[in-house]
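Residue numbers (the numbering used here), protein chains in the order written: chain A, 636 to 751; chain B, 4 to 196.
Worth flagging that the hints you see were computed from the coordinates, not collected in a lab.
A virtual CB, placed ideally from N, CA and C, is assigned to each residue, including glycine.
Please note that a few of the clues may not be correct.
What the simulated footprint calls covered on chain B by chain A, stretch by stretch (three residues with Cβ under 8 Å from a Cβ of chain A suffice, anywhere in the stretch; the number is not a length) [claimed, not checked]: (1) 41-51; (2) 107-115; (3) 123-136; (4) 173-187.
Here are some, though not all, of the chain A residues that point toward chain B, as calculated from beta-carbon distances under 8 Å [as the list claims (entries may be wrong)]: (5) Gly649; (6) Leu650; (7) Met665; (8) Ile667; (9) Leu723; (10) Asp727; (11) Pro729.
Residues from chain B that face chain A, not an exhaustive set, calculated with beta carbons under 7 Å [said to hold, decoys possible]: (12) Ile83; (13) Gly166; (14) Val193.
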Amino acid sequence: MSGDDPGPLIRLFGLTGGRARPRGEAFDLMAIVTTAGDAAEPQGLMPEHRSVLALCRRPTPVADVAAHLRLPVNITRVILDDLRRDGLVTIDRPRPVAQTIDERIYREVLHGLRSL
Amino acid sequence: MGYAVSETGTAPAVPALAIKILIAGGFGVGKTTMVSTISEIRPLHTEELLSDRGVGVDDTSGVESKVTTTVALDFGRITIRDGLWLYLFGTPGQDRFWFMWDELALGALGAVVLADTRRLQDCFPAVDYFEQRQIPFVVGVNCFDGARRYEPSKVRRALGLPGHIPIVMCDVRQRESVKEVLTTLVTYAVKGP
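The following block holds chain A by itself, in its conformation from the complex (with noise of 0.2 Å):
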């Protein structure tokens, strides 16, 4: 590698043992992760992998993890893959958006639009 300084690329990298990409499939911007159940904790994650938990509590989407992060949306995938691994995180991949708008949804979204 040449060119630019690559130390915050060497510490990305350092997060996810070099890999800038997961090994499984790519998972959407949009897919939820989930913290898998109340499985205790294990001892030595990293503090982004700790960090992930417990955001994740909560239902969340990719995006909003790696934003929480601060860190790029590819990095941040492969964490999750990391943690998914693990069984410490469940990511449901989005169903295609004709599928899960229903009309209720529908209505949903459209009347907390209009009560902004």
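Got chain A; can you put chain B on it based on the hints?
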């Protein structure tokens, strides 16, 4: 180790749903302003780290050495209720980030293409993009102070838009105006023309 639903209620009865809406248009047309006007939070910021081929390319895993740049992703959020959100993503303006659009557009409910009548041509690429991929979109004509007002029919003709695509005159600094654009889009995307 217990896997039952915890007492803190982490498993909602209804699956959480995050609906993605894109805000597109030329540089300086008001995308960021629109997101800021309506978002309940200061627009969140993250970055996409790019390899030389960009996102969505299957390359070999392992230590990667071709990371070259980052692209900013800014987005806002509207909470409809616990577990139901709208996310508004401004699309990157620079041409070299077109591939980012593919990731953002995937699974999106639809898009708002913001247009400025003083430089209407700036929104052509966004209109083409969503038309080609059959992603529902509405055109929001951002009425800047001092810009000449045009009839929607003139804007429609200038953009070569079919009659079913909604055109909304708006002021992206005004909350009510942005709400109207978004309700128009949601209705068009869900109900069709």
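The hints, checked one at a time:
1. With a threshold of 8 Å between beta carbons, the proposed coverage of the stretch 41-51 of chain B by chain A holds, since 6 of its residues qualify and at least three are required.
2. Coverage of the stretch 107-115 of chain B by chain A holds [criterion: at least 3 residues with CB-CB distance below 8 Å; count 5].
3. With 0 residues having a Cβ less than 8 Å from any Cβ of chain A, the stretch 123-136 of chain B misses the three-residue criterion, and the hint is violated.
4. Interface restraint, the stretch 173-187 of chain B with chain A: holds (4 residues with C-beta to C-beta distance below 8 Å; minimum three).
5. With a least beta-carbon distance of about 12 Å to chain B, the hint placing glycine 649 of chain A at the interface is violated under the 8 Å criterion.
6. With 8 Å as the threshold, the beta carbon of leucine 650 of chain A stays out of range of chain B, its nearest partner Cβ sitting at about 12 Å, so the hint is violated.
7. A cut of 8 Å between beta carbons decides the hint on methionine 665 of chain A: the least distance to chain B is about 4 Å, and the hint holds.
8. Taking 8 Å as the C-beta contact cut-off toward chain B, the hint placing isoleucine 667 of chain A at the interface holds, the least distance being around 5 Å.
9. The restraint placing leucine 723 of chain A at the interface with chain B is violated, with a minimum CB-CB distance near 12 Å, outside the 8 Å limit.
10. Hint on aspartate 727 of chain A holds. Least Cβ distance to chain B is approximately 7 Å, under the 8 Å limit.
11. Using the Cβ-Cβ criterion of 8 Å, the hint placing proline 729 of chain A at the interface with chain B is satisfied: the shortest such distance is roughly 5 Å.
12. At about 4 Å, the closest approach between the beta carbon of isoleucine 83 of chain B and any beta carbon in chain A falls short of 7 Å, and the interface hint on this residue holds.
13. With a least beta-carbon distance of about 23 Å to chain A, the hint placing glycine 166 of chain B at the interface is violated under the 7 Å criterion.
14. Proximity of valine 193 of chain B to chain A holds as hinted, the smallest CB-CB distance being about 5 Å (cut-off 7 Å).
The earlier numbered hints that this structure contradicts are 3, 5, 6, 9 and 13.
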